[in-house]
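Engineer: Put together the whole structure using the sequences plus the hints.
Note that the numbering used here gives residue 12 to position 12 of the sequence shown, counting from 1, and the numbers run on in steps of one.
The set of hints was computed from the structure by calculation and includes no laboratory data.
For every residue, glycine included, the Cβ atom is placed at its ideal position computed from N, Cα and C.
Do not rely on the hints blindly, as some may be mistaken.
Claimed, not checked - The calculated BS3-like cross-link candidates involving lysine-lysine, where the alpha carbons are at most 27 Å apart (straight line), are:
#1 K84 to K63
#2 K84 to K153
#3 K45 to K71
#4 K45 to K84
#5 K71 to K84
As the list claims (entries may be wrong) - Per label pair, the in silico range of CB-to-CB distance:
#6 Q74 to D9: 22 to 32 Å
#7 R139 to R81: 11 to 21 Å
#8 S103 to I10: 24 to 34 Å
#9 S7 to E77: 17 to 27 Å
#10 G130 to P62: 33 to 43 Å
#11 V114 to Q61: 16 to 26 Å
#12 E79 to V114: 34 to 44 Å
#13 G130 to N42: 17 to 27 Å
#14 R95 to Q61: 48 to 58 Å
#15 S7 to N154: 10 to 20 Å
#16 S103 to R81: 12 to 22 Å
#17 G90 to P8: 12 to 22 Å
#18 L99 to A64: 43 to 53 Å
#19 E98 to R34: 34 to 44 Å
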Amino acid sequence: MQSHHLSPDIPSIIYLWMLRALVPLGGYQAFADRLNYSSNENIAKALGFIDNKLIELFESQPKAILAHLCKLHQVAEHEWRDAKVPPCLGSNIARLSELLELSETDCRILEFAVMVNNESLLDDATETLGDLSPSRLYRVLAILLGLPEREIKNSGSSAESVGDIRFR
1 MQSHHLSPDI PSIIYLWMLR ALVPLGGYQA FADRLNYSSN ENIAKALGFI DNKLIELFES
61 QPKAILAHLC KLHQVAEHEW RDAKVPPCLG SNIARLSELL ELSETDCRIL EFAVMVNNES
121 LLDDATETLG DLSPSRLYRV LAILLGLPER EIKNSGSSAE SVGDIRFR
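Structural biologist: In structure tokens form, the structure reads like this:
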């Protein structure tokens with residue numbers, strides 16, 4: 001991904017999850033419809049829309065937003081498919097996993113829950129998905145985390161608890 005799209009302060013996993021929320025999960029429509037709201041402007045800035053003056057083009061040609069997001073998503077999936085959470089969070093989750101005997105899927109769900117509550121960009125991007133029923137939440141988490149939906153459903157940690165945390 002071109003360097004002008006990235007802030008070194010934002011972990012690549014955040015970019016990947018944001019783009020998964022916006023493209024395969026369809027959040028791009030709410031993003032495009034509310035591009036002038038501050039939360040969506042933050043997403044647009046993080047993805048390089050504002051710095052590159054693309055926002056003016058998108059306001060006149062909304063389909064250009066989806067095309068650009070699809071291109072960013074494709075690059076993100078290629079470059080960051082194996083991206084990890086920041087090392088401090090990863091090591092804390094690993095220690096917690098040992099104590100509570102969490103599965104890998106439990107750990108990924110917990111990592112996401114922590115990140116969505118601490119990273120406003122990720123929170124803003126997931127807000128574009130609207131309200132989620134428990135059954136849709138399983139699908140959303142599966143796509144965001146790149147895991148099979150059955151693993152999310154069978155996880156020892158309840159996916160609904162992530163919903164209680166933030167996906168309202």
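Engineer: Does each hint hold? Answer for all of them.
Structural biologist: Going down the list of hints, with the structure as the test:
With a C-alpha separation of about 31 Å, the suggested pair K84 and K63 falls outside the 27 Å cut-off, and the hint is violated. For the suggested pair K84 and K153, the alpha carbons sit about 22 Å apart, so the restraint of at most 27 Å is met. Using a Cα cut-off of 27 Å, the hinted pair K45 and K71 holds, with the two alpha carbons roughly 16 Å apart. The suggested pairing of K45 with K84 holds, with an alpha-carbon distance near 23 Å, which does not exceed 27 Å.
Distance check on the hinted pair: K71 and K84 sit about 22 Å apart at the alpha-carbon level, within 27 Å; holds. Checking the proposed 22 to 32 Å range against Q74 and D9 shows it holds: the Cβ atoms sit about 24 Å from each other. Taken as a hint, the range 11 to 21 Å holds for the pair R139 and R81, whose Cβ atoms sit roughly 19 Å apart. As the Cβ distance of S103 to I10 is approximately 28 Å, the hint placing it in 24 to 34 Å holds.
For S7 and E77, the hinted distance range of 17 to 27 Å is satisfied, since their beta carbons lie about 19 Å from each other. Between G130 and P62 the beta carbon distance is about 19 Å. The supplied range of 33 to 43 Å is therefore violated. In this structure the hint that V114 and Q61 lie 16 to 26 Å apart at CB is violated, the actual value being about 37 Å. Take E79 and V114: their Cβ atoms lie about 23 Å apart, and the range 34 to 44 Å is violated.
Distance hint check: the CB atoms of G130 and N42 are about 18 Å apart, consistent with the given range 17 to 27 Å. For R95 and Q61, the hinted distance range of 48 to 58 Å is satisfied, since their beta carbons lie about 49 Å from each other. Checked against the hint of 10 to 20 Å, the C-beta distance between S7 and N154 comes to roughly 36 Å, which is inconsistent with it. Take S103 and R81: their Cβ atoms lie about 20 Å apart, and the range 12 to 22 Å holds.
The hinted range of 12 to 22 Å is satisfied by G90 and P8, whose Cβ atoms lie roughly 18 Å apart. The hinted window of 43 to 53 Å between L99 and A64 holds, with their beta carbons roughly 49 Å apart. With their beta carbons about 42 Å apart, E98 and R34 fall inside the hinted range of 34 to 44 Å.
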